[in-house]
Amino acid sequence: MNWHHLVLAATASLTLLMMGTSADAQGLRSAAATADDGHPADISSGKTDSGLAYTDSRGMTLYSMNLRYVSYVAQGGDALKYCSGECAKSWIAAKAPADAKPIGPWKVVDGTEGPQWSYKGDPLFTYAGDSAPGSTGGKDRDNLFNLLTYIPPVPRVTAPAPVKTVFVGEAYILEDGQGHALFTIDESCGADCRNWIPFAAGMASRSIGDWKISREGDRLQWEYRGRLVYVSQEEQPTRAPSKGTVLVAVPALAQAGKPPERVAALPSLSP
Amino acid sequence: MNKPLRNAFAMVTLLLALIGGESASARVVQTGHASAAQIVGMRRLTEAQYRNTIADIFGSGIKVAGRFEPIVRPAQHLLSTGATAAALSPVGFEQFDGVARGVAEQVFDEAHRATFVDCTPHDAAKSDDKCALMTLATIGRYVFRRPLTAQEQRVYARMADDAASKAGSFYSGLELSLAAMLVSPNFLFVTETVEPVPGHPGMMRLDNYSRASHLSFLLWDTTPDDTLLMAAANGELTDQAKLEAIAAKMVASPRLEDGVRAFFADMLVYEKFEADDYAKDPLIYPRFNADVAAALPEQLLRTIVDELVVRDNDYRDLFTTRHTFMTRALGPLYDVPVRAEKGWEPFDFPADSDRGGLLSQAAFLALYSHPGRSSATQRGRAVRELLLCQPVPDPPGNVDFKLVVDATNKALPTARDRLAAHIANPVCAGCHRVTDPIGLALENFDGIGAFRATENDSPIDPISTFGGKSVAGEAGLSKSLAADPGVTQCVVKRAIEYATGQPTQNSATMAALDQKFEASGYRIRALFQQVATLPNTLEVTRASNQRNLPQSAMLTAHDP
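The listed protein sequences correspond, in order, to chains A and B. Each step along the first sequence adds one to the number in our numbering, with nothing skipped, and position 35 is 35. Each step along the second sequence adds one to the number in our numbering, with nothing skipped, and position 233 is 233.
Chain A extracted, bound-state conformation (with noise of 0.2 Å):
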């Protein structure tokens, strides 16, 4: 069953929030992939410095050479074996299998060392500055390369109409259809949530899945396994105040060789 439990995580620890991009942000500066195009059996995806990333099957970080650009530069000679010699010491082709074959915008190139993965049509490498499965030192390096970002597909949540997914950081958080992120709270929120927006249900709505209408106060109100949820109203309102937490879909990594997991590893926000 394809579905995503949703994972509260405290917004203090959430890293990903407070890196506050967006999947659209990081699209546009790195021809960001989506696991929904599948991928190759010996590319994976993991967290890296910079968020998530595809890597190769050790875990390095991929980078892309940006391909239109590096045809300008080349003047006429053949873009695609544009990295050699000083550049390919730093720069290392993602090398493909022989019998290597086109996934979606996942294709093989001639690169300078032979067959070589690209993606949407700019080969593929590594960054041999890169010491460790994890490292983006060669993000934004020669204005060439790009960290060939993972977003994860957009996960099927069962939730209230309204409802809809958003990419941030390095997960996709609930919001209310508008923008504002959907939040709820561990502990009793006291005089602090008296201001706090309640994410209000319809009378005519019924409960969905986790999600239950409490009928205690003036407004029905949306919970979610029994906890009140609300709609951020903070100046960055993909976050929570600061005793809230974010409702999360959290997504597996793409797994090499599979296709991408839809049901978090996470733990759950126990009822």
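Everything labelled a hint here was simulated from the structure, so no lab data went into it. Predicted model only: the values in this text are computed from it and were never measured. Backbone N, C-alpha and C define an ideal beta-carbon position, used for all residues, glycine too. Mixed in with the good hints, there may be bad ones.
A few chain B residues that face chain A, going by a derived Cβ cut-off under 7 Å, partial list only [stated by the list, open to error]:
(1) D56
(2) F58
(3) G61
(4) A65
(5) I139
(6) R255
Heads up, simulated DSS-like pairs for lysine-lysine below, C-alpha to C-alpha not over 25 Å straight-line [what the hints assert, rightly or not]:
(7) A:K120 - A:K89
(8) A:K212 - B:K63
(9) B:K342 - A:K243
Starting from the structure of chain A, add chain B where the hints point.
Using the frame of chain A, we list chain B on its own:
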């Protein structure tokens, strides 16, 4: 939904809307309900009430897209009075029809249907009368603010079944039926039906469901919730003690803010903010941009709600309060620093500020000004009519305004000079003596409500008179106004008219209500509680089929 089906649907909804008498002015109509209740009033939903109702029934995720035919305000009265006489033009009906179809389409689209349909049709491509009936009866109770009658249930379920068969979609059938409900007079008009008062022959009273709507729209500006509908079903709302207990809970709720907002938006003629009267000459007032124009009416309502509901202060304090709210856009107009980059932040004018209270709010000052200059006459008239309930006649048609409109006349540099010259005409003097002294005390604020000390390089003299006494500028005027009993009497009168949708005159009931208002320390919660449960606004005499408004003639017009 395909086009032929839409056309058929439009015809059906139109016919349904006509069933039962569409005219809101119809006073007595035998309904098709099992109870054969008499309709004594129909009040069209305001746009805000419509939107609040849809949000409360279906949640804020359902968008209400489209324009609404405006309700016409009778001269010197409230929009809510106009709503009781509002008919629906063919164009207005088409607008409602378009909005209704948009709402219904969203409610039963793939994303939302699981939230609103509690059963699974045998085949989504076919009709399923049992599932349709269950869904529509549940939703219909909220839409019509009472349970659907058995006949209504059958009609709407059959409509859904027929449409589902033709469209090949169970959910298209539901969509059509819901859209039909949303253009029914039972939804678009808050219908007041009566029942005999036990033990009082000839006396009728609003029945339980009418009282539920009465309380809900008056106090929360929205449709009755489950609590009210259940109280109505249990007959609790015709029990005065239980009615008062329920009303007391409602006025204690933060949702009273919505009711108070709606009341003051009506009392202060907020539709004028949508009209050309509010436009300003950008060459004269470059600071008056779209953000400022949008923020001013909201600032005034926020101030009112904060003062009267959140702080629960004396109504009279509204005229002198230093508390308000600011946005970044309003900072330059008020010449104050605003920290928040977006949204609203609380702001207190310092004690030595030139501003304080409702009359110093730029919304009031700008609205009652001309596009390129202030208007002492309009401001004075607004204070008289809106805050003191003292109607001022319109000017005669043949008046020469040349002297007043020339704001660049160096010989008459200030508004005071120009108005003095204008009222040399005795035809004009009568009214201007009533309005201008009030407005002249506000002349330190220009046509957008920004402070100024001079006009045409001449110092402005804001000393004026009110109630026969000298007042110094806005602060002096506001203080005198707050002390004037006419101000509290006026809000009591308006509250009764707002609750009943009918004009009223001074009467013993009004005086008694004013006394209770005074005893409460002029708290708006207390006033709303009193008005919402006033027994004689909930009773009707059979002879007049009008509510027993606090008018002496009406009170004696009992059926023998």
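Subject >> When the least beta-carbon distance from G61 (chain B) to chain A is tested against 7 Å, hint result >> reply: At 3 Å from the nearest chain A Cβ, G61 (chain B) passes the 7 Å test, so the hint holds.
Original post:
Does K63 (chain B) lie within 25 Å of K212 (chain A) when you go C-alpha to C-alpha?
Top reply: Holds: K212 (chain A) and K63 (chain B) sit about 22 Å apart, inside 25 Å.
**OP:** With chain A as the partner, please determine if D56 (chain B) meets the hint condition of a C-beta pair closer than 7 Å.
**Re:** 6 Å, holds
Original post:
With 7 Å as the cut and Cβ atoms as the points, is I139 (chain B) at the interface with chain A?
Top reply: At about 5 Å, which falls below the 7 Å cut-off, the nearest Cβ of chain A leaves the hint on I139 (chain B) intact, so it holds.
Original post:
Does K243 (chain A) lie within 25 Å of K342 (chain B) when you go C-alpha to C-alpha?
Top reply: 23 Å, holds
Original post:
Is the interface hint for A65 (chain B) satisfied, with its Cβ closer than 7 Å to some Cβ of chain A?
Top reply: 15 Å, violated
Original post:
Taking the closest Cβ pair, is F58 (chain B) under 7 Å from chain A?
Top reply: With a closest approach of 4 Å, the F58 (chain B) hint holds.
**OP:** Mind checking the CB of R255 (chain B) against every CB in chain A and telling me if the closest is under 7 Å?
**Re:** 5 Å, holds
Original post:
For the pair supplied as a hint, K120 (chain A) and K89 (chain A), is the alpha-carbon distance within the 25 Å limit?
Top reply: Holds - the C-alpha atoms of K89 (chain A) and K120 (chain A) are around 24 Å apart, at most 25 Å.
Consistency with the previously given hints fails for number 4 only.
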